[in-house]
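Undergrad: Counting in this note's numbering, the sequence shown runs from 3 upward without gaps.
It should be emphasised that the hints constitute simulated quantities derived from the structure, not laboratory data.
Be careful, since some hints might not be right.
Label pairs and their calculated CB-CB ranges [as the list claims (entries may be wrong)]:
1. Ser56 x Lys80: 32 to 38 Å
2. Leu65 x Ile11: 25 to 31 Å
3. Asn4 x Gly73: 36 to 42 Å
4. Met3 x Trp50: 15 to 21 Å
5. Trp57 x Val31: 23 to 29 Å
6. Val8 x Ala64: 24 to 30 Å
7. Val61 x Asn5: 30 to 36 Å
Ideal placement from N, C-alpha and C gives every residue a C-beta, glycine not left out.
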Amino acid sequence: MNNHKVAGIIAAVVGISAIMAFFNAGMSVPILRWPLEAYLGVAFTIGWLTSMPSWLAYVLAALLFILIIVGFYKLGSKVYGWLSGGRS
Numbered sequence: 003m004n005n006h007k008v009a010g011i012i013a014a015v016v017g018i019s020a021i022m023a024f025f026n027a028g029m030s031v032p033i034l035r036w037p038l039e040a041y042l043g044v045a046f047t048i049g050w051l052t053s054m055p056s057w058l059a060y061v062l063a064a065l066l067f068i069l070i071i072v073g074f075y076k077l078g079s080k081v082y083g084w085l086s087g088g089r090s
């Protein structure tokens, strides 16, 4: 595994953790339940704002979190490439 992948994975973990912390700020929920609470909160918001079926809101929420993780991975590996001067 090269350094670009490691930097991307670290950026993805830190990014999704920050988003979960943002969604759970001010709630008295244990840290181990933050991923579920963030997912359910996003699914509820999608379903409430668009009045779509609940199963579709859950699917869209999962896809949104996957896209966020992929985006942070790409961003982390690209930033590492810029900072390292293009070396692998």
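Undergrad: Next step is simple, just say for each hint if it's right about the structure.
TA: Here is how each hint holds up against the structure:
no.: 1; hint: Ser56 x Lys80: 32 to 38 Å; in the structure: 36 Å, holds
no.: 2; hint: Leu65 x Ile11: 25 to 31 Å; in the structure: 20 Å, violated
no.: 3; hint: Asn4 x Gly73: 36 to 42 Å; in the structure: 20 Å, violated
no.: 4; hint: Met3 x Trp50: 15 to 21 Å; in the structure: 41 Å, violated
no.: 5; hint: Trp57 x Val31: 23 to 29 Å; in the structure: 24 Å, holds
no.: 6; hint: Val8 x Ala64: 24 to 30 Å; in the structure: 26 Å, holds
no.: 7; hint: Val61 x Asn5: 30 to 36 Å; in the structure: 34 Å, holds
Checked against the numbered hints given earlier, this structure breaks hints 2, 3, 4; the rest are met.
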